[in-house]
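A.B. asks: Take the given structure of chain A and dock chains B, C and D to it, following the hints.
Number of protein chains: 4
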Amino acid sequence: DVANEFQLQKESLTQKLQDTEDRNLSLEARLSALEQHEQSRQLEREAFRAHLRSLLQMLDGKIFELTELRDTLAKLIESS
Amino acid sequence: DVANEFQLQKESLTQKLQDTEDRNLSLEARLSALEQHEQSRQLEREAFRAHLRSLLQMLDGKIFELTELRDTLAKLIESS
Amino acid sequence: DVANEFQLQKESLTQKLQDTEDRNLSLEARLSALEQHEQSRQLEREAFRAHLRSLLQMLDGKIFELTELRDTLAKLIESS
Amino acid sequence: DVANEFQLQKESLTQKLQDTEDRNLSLEARLSALEQHEQSRQLEREAFRAHLRSLLQMLDGKIFELTELRDTLAKLIESS
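Residue numbers (our numbering), protein chains in the order written: chain A, 11 to 90; chain B, 11 to 90; chain C, 11 to 90; chain D, 11 to 90.
The shape of chain A in the complex, shown without the other chains (with noise of 0.2 Å):
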């Protein structure tokens, strides 16, 4: 009969709702990983970029320290 009838309609719509908010929340849990993850990775690449950063100012001072030694033996040259 039609109350039956209604009380399935019910039963179903309930049971596809309670799946679709479990799956709501299965990907929302997913999504907040990858978010989380991904903070993280920017955060790595930070540091490591810091990390670059500081070895290329070690270069600059080698590569200073090497030009002056090159013109203390040009002048060494010359004056001998």
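Calculated from the structure, these hints are not laboratory results. Any given hint might turn out to be false.
It does not matter which identical chain is used: a pair holds within one copy or between any two.
To be verified - Computed cross-link-like contacts, SDA-like style, restricted to lysine to any residue with a CA-CA straight-line distance of at most 20 Å:
id : residue 1 : residue 2
1  : K72       : T82
2  : K20       : E31
3  : K26       : L37
4  : K85       : R59
5  : K85       : L66
6  : K85       : E75
7  : K72       : A60
8  : K26       : N14
9  : K26       : S36
10 : K26       : E38
11 : K85       : S64
12 : K85       : L65
13 : K85       : A60
14 : K26       : F16
15 : K85       : A57
C.D. replies: Only chains B, C and D this time, still in chain A's reference frame:
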């Protein structure tokens, strides 16, 4: 009456289900976009690391050539 | 007698002259050897200095190449 | 007469002896100057070589420091 009551409950459930499915689609779209972003970031990181490795090899070459130059200078000093 | 006396003086002077001329020849030989030694030393010094100048140019080249490598690293870091 | 003849020979010999001794003194002076020049040149050469050796040690230091920098870059690339 009862038939009216059921009809209202059914409409309310159908609306909630529609909203939850819409949110689902939106979450899946964000997840997919984030995964693609992550993948392209990964490719960038690999290209960056490949560039750094090639710079490292060039640095190795320069250090090797400076060492040869140093040996030539050492021999020249000792032979004089 | 006087003739004898003169003869002795002449012999003594001739001997002294001979000794002094011998010493002269010996001094001229040493001087000539020393001048030749000095000249070959001068050529060695010039060859040595030419070698050093060529090493200096090679050092210039290496410093230039290290500076290019440094610039490439700097661009790579800034582009990442 | 004979006495006159002897006297002339003696004077001629004495003059020649004087000239040869003068040349001797002049040669000894040049020899001594050349030896002193050579000695001071030798000291210059040793000071020059000492400077070059000290530059060589500085170059060794720079090459060592570039190698350390290279190793730090290699570890950074591999750890990323």
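A.B. asks: Does each hint fit the structure? Answer for all of them.
C.D. replies: Evaluation of the provided hints:
Proximity of K72 and T82 under a CA criterion of 20 Å is satisfied in both settings, with 15 Å inside one chain copy and 14 Å between copies. In this assembly of identical chains, the alpha carbons of K20 and E31 lie at most 20 Å apart whether taken from the same copy (16 Å) or from different copies (17 Å). For a Cα distance limit of 20 Å, the shortest separation of K26 from L37 qualifies both inside one copy, at 16 Å, and across copies, at 18 Å. Taking the shortest Cα distances, K85 and R59 sit within 20 Å of each other only across copies (12 Å), while inside one copy they are farther apart (39 Å).
When the C-alpha separation of K85 and L66 is checked against a cutoff of 20 Å, the pair qualifies only between copies, where the shortest distance is 11 Å, while the shortest distance within a copy is 29 Å. In this assembly of identical chains, K85 and E75 lie within 20 Å of each other by CA distance solely inside one copy; the values are 15 Å within and 22 Å between copies. For the identical chains of this complex, K72 and A60 are intra-copy neighbours only, at 19 Å inside a copy versus 23 Å across copies, given an alpha-carbon limit of 20 Å. In the homo-oligomer, the alpha carbons of K26 and N14 lie at most 20 Å apart inside one protomer (18 Å), although the nearest pairing across protomers, at 22 Å, exceeds that limit.
In the homo-oligomer, the alpha carbons of K26 and S36 lie at most 20 Å apart both inside one protomer (15 Å) and across protomers (18 Å), since each shortest distance falls under that limit. In this assembly of identical chains, the alpha carbons of K26 and E38 lie at most 20 Å apart whether taken from the same copy (18 Å) or from different copies (18 Å). In this assembly of identical chains, the alpha carbons of K85 and S64 lie at most 20 Å apart only when taken from different copies (14 Å versus 32 Å within one copy). Taking the closest pair of Cα atoms, K85 and L65 come within 20 Å of each other only across two copies (12 Å); inside a single copy the shortest separation is 30 Å, beyond that limit.
For the identical chains of this complex, K85 and A60 are inter-copy neighbours only, at 14 Å across copies versus 38 Å inside a copy, given an alpha-carbon limit of 20 Å. In the homo-oligomer, the alpha carbons of K26 and F16 lie at most 20 Å apart both inside one protomer (15 Å) and across protomers (17 Å), since each shortest distance falls under that limit. In this assembly of identical chains, the alpha carbons of K85 and A57 lie at most 20 Å apart only when taken from different copies (14 Å versus 42 Å within one copy).
Every hint from the earlier list agrees with this structure, and none is contradicted.
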